[in-house]
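Colleague: Both chains are given apart, each in its own frame, so use the hints to dock them into the complex.
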Amino acid sequence: MKDVFIKNTDKIEYEIIDDETLIFNLSTNSFYKLNKLGTFIWKNLDGTKNIEKIIELVYLEFDESKEKIKLDVITFITELNKKKIILEN
Amino acid sequence: MLKEDTPHSNWKMSSAFNISILNIVSCFTLPNLNKNPRYLNEFKSNKKCNKKIDISFNNKKHDNFKKLDLTKHNITYSIKLREGNIFLKSKFYSGKINSEYAKFKIDDLGEESNYYIIKYLIKLIYSFWFLEKNILTLHASGMVYNNKAYIFSGPSGSGKSTILKKATENYETINDETILLEIKEKEIIAHPNPFYTNISPNSIKKKVEKIFFIHHSSSYSCLKISKINALKNILKNEFLMQDNMLKNKIIINKTFKLGLKLAKMVCFYNLFFTKNDLNYIINEEIKK
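For the record, the sequence lines run as chains F and Z. Numbering follows numbering that gives the first Met the number 0, with no gaps: position 38 of the first sequence is 37. Numbering follows numbering that gives the first Met the number 0, with no gaps: position 69 of the second sequence is 68.
Bound conformation, chain Z alone (with noise of 0.2 angstroms):
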């Protein structure tokens, strides 16, 4: 009559940092959803940048300035913090965060330490104001077939990628890490997420199609599941709904909210596979 299940936690950074990080967090003040429905209050397009996006911040402690060059993802990010204001940039996004809706300390931990603290807390505040914008951010990757996304979601390690570098081969794909699912009214499209790719981001937005939850096997199996299940593992492989530290309600009912409507709108499966199937999984099951 009742099952209990706790979902799992895979953030992909290393220990040294992890303590440190969740210490940060704590410290975090969520932002009153209610009281500012726009929390992030510009998020503009120009000629020179793909999107510009404007975040608060309260951190009048640091003032330095860090070049990260994370060439290794195809990405290069440049962060400064200067009189309570951090500013980012990177080839495809540009961003200035202020001080004036969320607060949270930052402790000096060192530059190396910084990097990963803010990198941490872009990522949690981009997923707030994604969710106010009615977007799920799912631990998953997709690709597109026929005009349309198929998407593949479980934690780390559970073949995110590894499906993905076989779609590259003949495929467009979206991004290999975190897909933002946009609900909408009648459909629900996808977008790559730019804070977690090992890809290029690109602009690419494409109408779900099938989700997938996946699981390495010993044989291969494919099969439909009923909406609650789909609900549940929706809300596991959700960035938010995974962070131990962000027990707020109000992102936790609207978590819930949109995992439903998504669940009502789109065909989940189960699927167990070996490294042998992904040609199968690529160019037979996404078909049927």
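The shape of chain F in the complex, shown without the other chains (with noise of 0.2 angstroms):
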């Protein structure tokens, strides 16, 4: 698994509100809603921070211990890239 990651915007649609995300999956007509901690992921796949920055960004926004999230962050991101939701950048 590469390590930058961009979200597929020719393939997506989607928008935030208060803390959450609504993304629609043009390919599979699927939509998927992302809760906080996935919103705060998903603002930061912009294509320049690393799986490993993202880690550290959220560690220091969220109360969990690092093996947790990180556990969950590389879960997240890896369901992501498998359903071309992301994009490696």
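Note that these hints are calculated values from the structure, not bench results. Hints should not be assumed to be uniformly reliable.
In silico DSS-like cross-links for lysine-lysine, where the CA-CA straight-line distance does not exceed 30 angstroms [claimed, not checked]:
1. F:69 / F:35
2. F:32 / Z:183
3. Z:256 / F:82
Modeller: Structure, rendered in structure tokens:
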């Protein structure tokens, strides 16, 4: 898995409201809803920050162990990548 | 962290025609809304008919005339195909559809099929035009109380018509199948949609007060929902978003933007009900 990802804006549409995100995948005609943590990571998937940097930012923002955060962030990003909602930059 | 949901599709069409319609729609060239911001360039009112519409088609193959009697819907449409134009006329609407903007192919599938195809495509064209005018087409029924519109949205079989049927006993109603929601700067206005109705279309325009996403259930509950859930439900029940064939980025982007505005401007509720709750919904819930 590569380290830096960017939103696949050609294939998705999304909106952020009140720390939650709604994503629509045009390829699969599916909706995805992100919670506060997912939205925080989503905002940082900007094509410049690597996974390590995002884990660091999440650690500073959320009250959770680094091991747990690392696992969650990697699982989440892997899932988004598998669904082609984000792309390797 | 990530929840997936696939929107339903609730076309009320017989399965015999469904495949043909999808085949036809796949030949449909979506308009470039950026290049043609005024997708339908005429929409005038006059004394003879409430509204006139000019839509664009390209069909030189057919040259026939068919009168369609939808008396059970209290609407009679006349549709004429001649020299690449489609002429549409009903008691409430008349229109000419020419070949200037949009192009699509109509295969010869027999007279009965033509009716469904034409009606389907006209609905689509209307929805594009509505979108251009900042109007979302929501699968919903609507009633009026205290001069404001109360909308009940959901897929086929969710109870839109059932609730509305009860409402007609004491209240003015807007539509029992789809409602047009005009997203204005400071308010949302509900209009009836002439192409989706089992009741006589009228010209009601009312400010929207509340929107309920309705679900049959074994017990009653009515809970306010978050803006993000409201947006998801709006999009799931929006006409153009429900069509798998219409994966046009411009259309989806515009629908999202309008849906977002709508989600921020109106109160939305998830309404779970049984058929014994209809009186309560109509006479109590909306007044809270």
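Colleague: Go through the numbered hints given earlier and state which of them the structure violates, listing their numbers in rising order.
Modeller: The structure breaks none of the hints.
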